[in-house]
Every structure is written in structure tokens, then in C-alpha cells.
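Protein chains: 2
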Amino acid sequence: MILQQPFLLYLGDATSPLAVKTSRGIAQWRPDLCIGEYSNKNCTISLNVEQMTPEVAKKKGAKTFIVGLANSGGKIAESWISDIIIALEQGMDVASGLHQKLVDIEIIRNAAIEHGCQIHDVRHFTGAIPVGTGKKRSGKRLLTVGTDCSVGKMYTSLAIEREMKQQGFDVEFKATGQSGLLLGASGICVDAVVADFISGAIELISPDAAPEHWDIIEGQGSLFNPSFAGVSTGLLHGAQSDLIVMCHEAGRQFIKDLEGYKLPDLKQCIEHNLTVGRLTNPNIKLAGISLNCRLVGKEKGLAMIKDLEKRFGVPCFDPILTGVKNLVDTL
Amino acid sequence: MILQQPFLLYLGDATSPLAVKTSRGIAQWRPDLCIGEYSNKNCTISLNVEQMTPEVAKKKGAKTFIVGLANSGGKIAESWISDIIIALEQGMDVASGLHQKLVDIEIIRNAAIEHGCQIHDVRHFTGAIPVGTGKKRSGKRLLTVGTDCSVGKMYTSLAIEREMKQQGFDVEFKATGQSGLLLGASGICVDAVVADFISGAIELISPDAAPEHWDIIEGQGSLFNPSFAGVSTGLLHGAQSDLIVMCHEAGRQFIKDLEGYKLPDLKQCIEHNLTVGRLTNPNIKLAGISLNCRLVGKEKGLAMIKDLEKRFGVPCFDPILTGVKNLVDTL
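Chains as they are written, first to last, in the working numbering: chain A, 1 to 331; chain B, 1 to 331.
Honestly, the hints are just simulated from the structure, not real lab data.
Any given hint could be a false lead.
Identical copies carry no separate label here, and so any pair may be met within one copy or between two of them.
[As the list claims (entries may be wrong)] With a straight-line cut-off of 30 Å between C-alpha atoms, the simulated DSBU-like cross-links for lysine-lysine are:
1. Lys75 with Lys136
2. Lys101 with Lys75
3. Lys306 with Lys325
4. Lys298 with Lys136
5. Lys140 with Lys101
6. Lys59 with Lys285
7. Lys75 with Lys41
8. Lys136 with Lys267
Throw the hints in and build the complete structure from the sequences for me.
In C-alpha cells form, the structure reads like this:
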């Protein structure tokens with residue numbers, strides 16, 4: 001799959017920052033690819049990229065319209081369809097990472113055919129995936145895990161990869177979600193594979209490697225999220241990770257979209273991940289804690305980071321506030 | 001989906017009893033539906049049902065040819081295809097519970113069209129499945145869990161349902177695998193749904209019910225099976241079970257198909273299931289232990305059952321050797 005660059009990022013009718021995390025990931029990690037952003041009239045979010053219509057974006061050279069939205073269930077909202085059609089009418093390709101496929105919506109498919117455009121449903125891997133075996137693989141692996149969804153696992157993984165590259169490591173980020181794949185990384189949307197093949201999918205994207213090679217594998221969900229813990233479990237087993245980095249959003253009280261569920265205690269969450277991970281790698285260890293300080297702000301965040309370092313005896317950081325050098329220095 | 005009865009059970013080229021567990025389940029639970037069995041020349045297994053060709057079976061009234069095989073990955077072997085075609089040429093429908101779809105194999109699809117037969121790929125649920133919510137549901141739920149695959153979770157579930165019916169309970173077995181669905185039970189093959197929807201699928205098949213109604217939910221895999229633990233985790237969360245019954249095969253040393261992996265210790269396996277299950281039902285309890293004594297024999301098996309009852313303080317049974325009355329009496 002090759003996405004034609006550059007992109008127009010679509011924000012739909014998003015009213016929460018978490019809803020546009022896919023578009024935001026692209027704007028943060030590949031700003032050079034982003035011509036502008038576009039949304040429909042009910043949207044209250046902006047990525048601080050220049051706002052423009054598909055018509056203007058096309059004139060400025062945009063080649064692909066990115067449906068950069070993430071929602072529970074991965075459905076395409078009725079209100080987005082006419083905006084997608086407008087982009088196709090301008091001759092842009094359209095890429096989406098949602099569970100529901102663009103090609104399954106007849107008027108979208110017909111518009112793409114009529115205007116000679118490509119449709120990319122990146123969440124759907126078309127190759128064969130084997131059943132996981134749990135067989136020991138060579139090379140080193142670091143997996144980001146979390147107390148919940150949308151706490152910064154992809155951001156943390158990419159920041160670690162970048163810092164390790166700068167320090168001269170042989171390292172590659174492995175995507176397990178739509179945003180990473182839209183950024184052009186290798187990987188599979190693990191939450192979209194057939195349930196029996198979750199761990200097998202991760203074994204496939206992170207195969208045997210040179211002894212000093214690192215795969216930085218992006219985690220998904222949380223062992224404590226009652227909607228998605230199956231995916232997180234299979235991912236942890238398939239990753240066979242030597243190291244985990246626990247990602248947490250300071251100040252978040254409840255599991256995303258499930259207000260009855262309190263976020264797990266950090267210590268309990270770390271220990272449970274190590275217990276589950278030990279099945280396929282008995283030497284799994286906690287490497288560090290990534291604390292997303294968006295909600296609590298800089299001053300309080302830095303104090304919490306200091307406190308967590310004392311409590312857990314591992315490097316703690318916010319990849320945006322402090323960078324990840326203190327973690328990578330220990331590898 | 002309605003399967004035309006009666007059936008001819010197909011055993012393919014099976015050389016292990018576990019490979020034909022789907023056909024065996026039907027022969028055990030609905031012998032009245034089974035006209036005979038058929039296999040190809042390399043098969044070394046029999047269900048002690050009358051052996052006959054599709055031609056003879058058709059003359060005796062067989063309407064559906066059941067591809068009653070279970071393998072890791074759910075693939076259709078090359079050697080089965082010609083046997084399936086022979087059945088279609090006799091005018092029989094064909095039903096399979098494998099991941100790989102019969103309808104995706106061109107010569108099978110063409111033969112079905114030519115001979116006016118139906119093809120049923122029962123593993124593939126065609127309706128919409130919601131994301132799991134973890135929201136408390138009314139009614140009571142018992143889930144069978146296990147130390148591994150193929151230890152007797154479906155058999156145990158069906159035996160509990162039968163005994164509860166005899167004792168006058170309002171109870172229904174909910175299938176989560178191919179064999180249960182081929183038996184005509186309601187349910188979904190949970191290992192074939194998209195990974196993000198595992199717990200949602202179980203919430204869908206076991207919805208709110210009357211306070212005294214019991215759903216007996218069939219478990220899959222094991223939290224300690226590195227190939228399939230993602231499925232088992234989502235199933236446990238979606239089931240929100242009040243009670244679990246731990247199923248184990250006495251004498252099994254290694255995880256099925258993965259010789260490097262020892263079976264978990266029974267106590268550790270029970271505690272881990274309760275820990276994981278507590279996320280969606282804080283009151284989850286161990287109701288009993290189902291010990292499959294096939295490998296160790298009656299005398300040794302009965303001694304082990306006695307010993308386990310002392311050790312864990314719950315009813316222990318082999319559904320075939322002893323029945324499940326001691327468990328149901330405690331409900």
C-alpha cells in the first residue's frame with residue numbers, strides 16, 4: 001500500500017481531542033506531509049494546521065484525503081460521507097483506518113470509480129496470518145503497554161525509536177494501529193485481525209532479527225479495558241517483549257468511554273502486564289513509565305514524574321515535556 | 001442458518017482424537033442426527049458410527065455432510081476437497097466450522113452451484129457485533145474455562161445444561177465454537193470475530209435475562225495458551241460470569257501443539273482466571289473442577305477427583321465418568 005503524498009487531514013465532526021488522534025499523530029510526526037486540515041461544520045477541534053476546503057487543498061497539491069478519526073467500533077458516520085465524496089470529486093485518493101470499510105459504502109465506491117481515485121482501508125490486512133506459536137525469536141523487543149486506550153502508546157513508541165536512532169541503535173518501530181500505518185510504518189492493525197490470530201499477527205510483524213536489533217512495538221488498549229483486553233493480551237504474548245514501557249495519562253479517572261470503570265492502579269497494572277507477559281518471555285521487565293501530562297500541566301506533571309521514578313526505580317518521562325533520553329540511556 | 005438433517009460426519013485424514021472433536025461432539029450429543037461417518041484412506045480414527053460412502057449415506061437419507069474437523073488455524077486440507085466434492089455430487093449440503101471458508105474455494109463453490117446444494121460456513125457470523133461495554137447485565141452466568149484447548153469445555157457445558165434442565169432450572173447453553181453451532185445451539189464462534197469485538201460478541205449472545213435464568217457459556221482456549229489467550233481473555237470479560245468451572249485433562253503435560261509450553265499449575269490457572277474475570281464481575285467465584293480422565297483411566301481418575309475436591313473445596317467431577325450432579329446440586 002502506497003499513499004500518495006501530501007495529505008489533507010479530515011477531522012469530521014469531532015468534539016474531543018481523542019477522536020482525532022489519528023490525524024494528530026500524522027500532523028505531529030510528519031508535518032511535512034500535511035497540506036491542511038478540513039472538517040465539517042459541527043467540528044470543534046483543530047490541529048492548528050491551515051484550514052482549507054478539498055478544492056483549495058487540491059490546488060495546493062494534496063493527493064490523499066486522510067479520514068483521520070478514531071472511534072470505538074470504528075464506524076463511518078453518516079455526516080462524513082458527503083465530505084469524502086467532495087474529496088473524491090476533486091480527484092483525491094482517500095485513506096481510512098476505521099473498521100468499517102470505505103469500499104463497502106456504495107456511493108463512496110462509485111465516486112472513486114467515477115473520478116479514477118484509490119481507496120485505502122489500511123486497517124484491513126489482506127495477507128495470510130499464522131496462528132501464534134510462542135516460539136522464542138532472536139533480537140530484542142520493547143512493547144508499550146498502557147493503563148487505557150489513547151494514553152500515548154504510539155507517541156511514546158515513535159519517540160523511543162527516534163531517540164534510539166539518534167544514539168545509533170539498530171531499531172524499527174512496528175505499527176499495530178491505523179495511525180502508524182498511515183505514517184508509512186510497517187505493521188498490522190492488530191485489533192482488526194480475526195481473534196484467533198492476534199498473537200500470530202505480532203509474531204509475523206516482528207520476526208527473528210539480529211541479536212542487537214530492537215523492534216519498538218506499539219501497544220493497544222489495556223489489560224484493564226473490558227472492551228479490548230483480548231487484543232492487549234494477544235499482543236503482549238505475541239510481542240514476547242524483553243521490556244515494557246507503561247504508558248499512563250496523569251489525571252485520567254475512568255476507562256475511556258466506560259465511566260463505570262476506574263483506571264487501574266499503576267502498580268497493579270504493571271504487575272499484571274508482567275505476569276501475563278511472562279508466559280512467552282520469562283525475563284520480561286519494566287523499562288520505564290511514560291506519563292502523559294496533558295491534563296495536569298507541566299509543573300504538576302514534572303513533580304509526578306519525579307515521584308514515580310522514586311516509587312518504581314525506573315526512568316519516568318513525558319515524551320513531549322521531557323523527551324525519552326533518560327529511558328534510552330539505560331538500554 | 002438451518003442445517004438439513006440427518007448428517008454424514010466427515011473425519012478427513014485425522015490421526016488424532018483431538019482432530020475430530022467437532023464430529024465427536026455431534027455423535028455424542030445428537031447420535032439421532034448421525035447416519036454414519038466417512039473418512040479418507042489416511043484416517044486412523046473412528047467414532048464407532050457406521051462407516052459409509054456419501055453415495056450410501058445419501059441413499060439412507062443423509063442431507064448434510066459435516067466437515068467435523070478442528071485444527072490450529074482452521075484450514076481446509078487439500079486432501080479433503082475431493083471428498084467434499086463427492087458429497088456435493090450426491091446432492092448433499094456441506095457444513096464446516098473452519099476459519100477458511102468453503103465458499104472461497106472455487107471448485108467447491110462451483111460444485112455446490114452445479115448440484116443445487118447449500119454451503120454453510122458456520123464459523124462466520126454475518127451480523128453486526130458491538131464493542132463490549134462491561135455494563136452489568138441481569139441474569140446468572142456460568143463459564144467453563146480451561147488449562148488448555150480441547151480439554152472438554154463444550155462437553156462440560158452441555159452436561160451442566162442437561163443436568164440443570166433435569167433439575168428444573170431455567171437454563172440455556174451458549175455456543176462459542178463451531179461444534180456447538182453445528183449442534184444447533186445459539187451463539188457465535190468467538191475466535192472468528194474481529195479482535196476488537198471479542199467481549200462484545202459474548203455480551204451479544206448472553207444479554208440481560210430474568211434474575212433466575214442461567215446462561216452456560218462455553219469457554220475457548222486458555223489464558224495460558226500463547227496462541228489463543230486473547231480470545232480467552234475477551235470471552236472471560238464479556239461473559240461477566242458469576243461462576244467459572246475449570247476444565248482440565250488429567251495427565252496432559254504440554255499445551256496442545258506447543259510442546260515447549262508446560263500446562264499451567266491448576267491453582268495458578270484458577271487464580272489467574274478469577275483475577276482477570278474480576279474486572280467485569282467482582283463477585284466471580286470458582287464453582288467446580290471438571291477433570292477429563294480419558295488419559296489416566298477410571299481408577300486413577302476417581303482418586304484424583306477426590307483429591308482435588310479436598311484441595312480446592314469445590315465439587316470436582318468427570319462429566320463422562322461421574323456426571324455433573326454434584327456440581328449442579330450446589331447451584
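Comparing the hints with the structure gives:
Proximity of lysine 75 to lysine 136 under the C-alpha cut-off of 30 Å is restricted to the inter-copy arrangement: shortest distance 24 Å between copies versus 37 Å within a copy. With identical chains, the CA atoms of lysine 101 and lysine 75 are at most 30 Å apart both within one copy (8 Å) and between copies (25 Å). In this homomeric assembly, lysine 306 and lysine 325 come within 30 Å of each other (Cα to Cα) only inside a single copy, at 15 Å, whereas the closest approach across copies is 58 Å. For the homomeric pair lysine 298 and lysine 136, neither the shortest alpha-carbon distance inside one copy (41 Å) nor that between copies (38 Å) is at most 30 Å.
With identical chains, the CA atoms of lysine 140 and lysine 101 are never at most 30 Å apart, being 35 Å at best within one copy and 37 Å at best between copies. Taking the shortest alpha-carbon separations for lysine 59 and lysine 285, neither the intra-copy value of 51 Å nor the inter-copy value of 64 Å comes in at or below 30 Å. In this assembly of identical chains, the alpha carbons of lysine 75 and lysine 41 lie at most 30 Å apart only when taken from the same copy (19 Å versus 49 Å across copies). With identical chains, the CA atoms of lysine 136 and lysine 267 are at most 30 Å apart both within one copy (28 Å) and between copies (26 Å).
Hint violations for this structure: numbers 4, 5 and 6, all remaining hints satisfied.
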